[in-house]
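S.K.: Construct the complete structure from the given sequences, taking the supplied hints into account.
Order-wise, the sequence lines are chains A and B. If you use my numbering, the first sequence corresponds to residues 1 to 95, in order. If you use my numbering, the second sequence corresponds to residues 1 to 493, in order.
Honestly, the hints are just simulated from the structure, not real lab data. Incorrect hints may have been included.
In silico DSS-like cross-links for lysine-lysine, where the CA-CA straight-line distance does not exceed 30 angstroms [to be verified]: (1) B:K240 to A:K10; (2) B:K240 to A:K5; (3) A:K22 to B:K417; (4) B:K240 to A:K78.
Derived DEER-like restraints, expressed as beta-carbon distance ranges [to be verified]: (5) A:Q23 to B:E35: 25 to 31 angstroms; (6) B:K292 to A:K22: 18 to 24 angstroms; (7) A:L44 to B:K147: 39 to 45 angstroms; (8) A:D65 to B:G413: 52 to 58 angstroms; (9) A:Y88 to B:E352: 56 to 62 angstroms; (10) B:E289 to A:V56: 31 to 37 angstroms; (11) A:Q23 to B:R261: 54 to 60 angstroms; (12) B:K393 to A:G86: 36 to 42 angstroms; (13) A:G86 to B:S10: 47 to 53 angstroms; (14) A:A84 to B:A484: 57 to 63 angstroms; (15) A:P51 to B:D281: 31 to 37 angstroms; (16) B:E39 to A:L14: 37 to 43 angstroms.
By construction, the Cβ of each residue, glycine as well, lies at the ideal position given by its N, Cα and C atoms.
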Amino acid sequence: MSVDKNTVAKIARLARIRVDEKQQEELTGELNQILGWIEQLSELDTDGVEPMTSVVEMTQPLREDVINDGYYVDRVTKNAPESAHGFYAVPKVVE
Amino acid sequence: MSNLNNLTISDALDGMEKGDFSARELTEAHISAMEETRELNAYIVETPEIALEMADASDKKRAAGDAGLMEGIPIAMKDLFCTEGTQTTAASRILDGFVPTYESTVSGNLWNAGAVMLGKSNLDQFAMGSANITSYYGNVINPWQRKDSDAQLTPGGSSGGSAASVAARSAMAATGTDTGGSIRQPAAFSGIVGLKPTYGRCSRWGVVAFASSLDQAGPMTRSVRDAAIMLEAMAGYDAKDSTSVKLDVPSYQKALTGDIRGLKVGIPKEYRMDGTPKEIDEAWEQGIEWLKSAGAEPVEISLPHTKYALPAYYIIAPAECSSNLARYDGVRYGLRVDGESLDDMYERTRGEGFGDEVKRRILIGTYVLSAGYYDAYYNKARRVRTLIANDFKKAYESVDVILTPTAPSPAFGIGEKMDDPIAMYLNDVFTVPASLAGLPGISVPTGLSSEGTPLGLQLLGKAFDEETVLKVAGVVEEAAGFSALPQLMAGGK
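M.R.: Put into structure tokens, the structure is as follows:
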């Protein structure tokens with residue numbers, strides 16, 4: 001499987017990464033090189049093999065459903081590029 | 001440089017206990033070395049004031065008879081571990097200026113054990129790379145140089161700043177993280193010891209995430225004993241990481257008995273690859289001989305799916321990275337580049353905030369997880385991962401530990417292998433399989449290449465059997481007697 005420039009532009013949009021025309025060109029070549037190399041996996045028969053979800057056999061630990069952390073809005077928003085009244089601030093999204 | 005810079009952790013602990021020198025003196029010697037070796041660019045941020053404050057507190061603790069496992073030992077902290085009040089960037093532009101308001105569990109464990117922070121060490125951006133050439137803060141230079149050449153070599157990656165600082169004696173030890181070889185490969189390139197513990201042994205909480213099913217923190221030191229001491233301080237169950245394992249942390253030093261008689265050492269035939277330089281194979285043969293002389297029994301084993309490990313890794317790791325790095329949105333922390341709309345702001349922020357290799361991996365990950373390709377790529381890779389883990393399980397029915405080279409070459413020059421992402425990925429051919437299987441591995445320096453640069457051998461163990469790995473590594477270290485020094489270390493040669 002290989003990608004063309006339009007597909008690269010589409011993936012970049014899905015990933016919310018701005019990629020200009022020239023970079024799209026370069027990335028198409030690079031991604032195809034990587035995808036071509038990955039393609040060798042298809043020669044391997046994996047029918048009936050369970051996909052791995054965790055390398056360590058464990059059950060998900062459960063805990064009491066209680067609030068055990070929080071209440072420090074200042075610390076949480078301290079690194080925000082913009083915040084106001086204890087909230088993150090984003091550009092206007094509704095007209 | 002004073003002779004304090006050449007001590008191992010175990011020697012320094014003894015020296016402080018006897019009162020030969022203080023944590024403050026030891027720390028001052030390393031602060032000078034850090035300043036003297038700035039050309040290596042091993043540190044993104046130096047924290048000398050914090051270091052001296054911690055050293056003084058450490059001297060008081062020792063005087064009060066309350067010394068911890070790493071009391072007074074000055075170390076470099078890979079800039080992937082969140083440190084409260086000290087900038088943490090993952091070597092990226094998008095986190096430039098990010099000052100965590102909390103401490104990662106592993107760094108917190110080390111400070112509680114008495115370790116002293118010298119600074120935050122440089123790395124490949126978001127730990128993605130094998131040569132430390134993708135950092136927003138510039139390349140790290142390997143303290144080692146080739147014979148008769150002053151060409152700059154890479155220290156390996158991603159924990160390149162950590163490796164360089166330990167090799168150059170500007171830190172007694174450093175933390176690393178290993179996703180596909182990022183502790184072991186730079187350790188081999190820089191002539192030091194690097195241990196990746198079993199997945200789940202050290203908490204990932206507060207470590208900037210790359211590929212969560214693979215990431216694991218570990219120690220980088222100048223001796224196997226030091227790695228044992230530091231791992232004991234780092235490891236342990238943490239309720240804040242649901243993949244951390246509820247197992248007691250043993251006293252790893254006790255495993256260093258030197259007695260490996262009767263131990264079976266697996267030699268995987270698939271690791272003899274075409275195109276591997278002769279001296280890498282020779283170093284491996286030498287390692288087998290050392291273990292044989294010490295009474296262990298080499299056994300040829302087969303890990304049949306080895307060649308599929310790298311391509312599977314380059315689906316799984318980018319897939320997880322594309323998901324993990326979705327959090328850098330210009331809203332909650334880090335860089336924001338304004339745009340015409342919210343989406344435009346996201347795209348500009350991420351377009352300018354991530355480096356080329358990070359973008360490449362996010363895009364590959366987004367592609368393999370997208371509708372229509374998820375099964376063909378991502379699920380396929382996870383099935384291959386199961387086969388690779390099963391290869392190791394089967395091998396460990398007949399052997400106790402596995403010996404391989406750490407990397408397929410010694411350190412290469414900065415600028416080499418830059419144009420071809422796959423040539424760079426092949427650096428991790430011997431380290432990635434054990435990462436996919438979650439197994440512990442260590443790299444031990446064993447000698448010099450024909451170019452005069454370090455070579456390392458890797459020992460892989462059963463899950464949560466770091467003790468056997470360390471024990472055998474100790475025997476290899478003893479037999480190798482590696483004592484060569486890098487050219488660009490503090491104090492010169």
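S.K.: Hints numbered earlier in the text: which of these fail when held up against the supplied structure?
M.R.: Numbers 1, 2, 5, 6, 9 and 12 - these are the hints that the structure violates, sorted from lowest upward.
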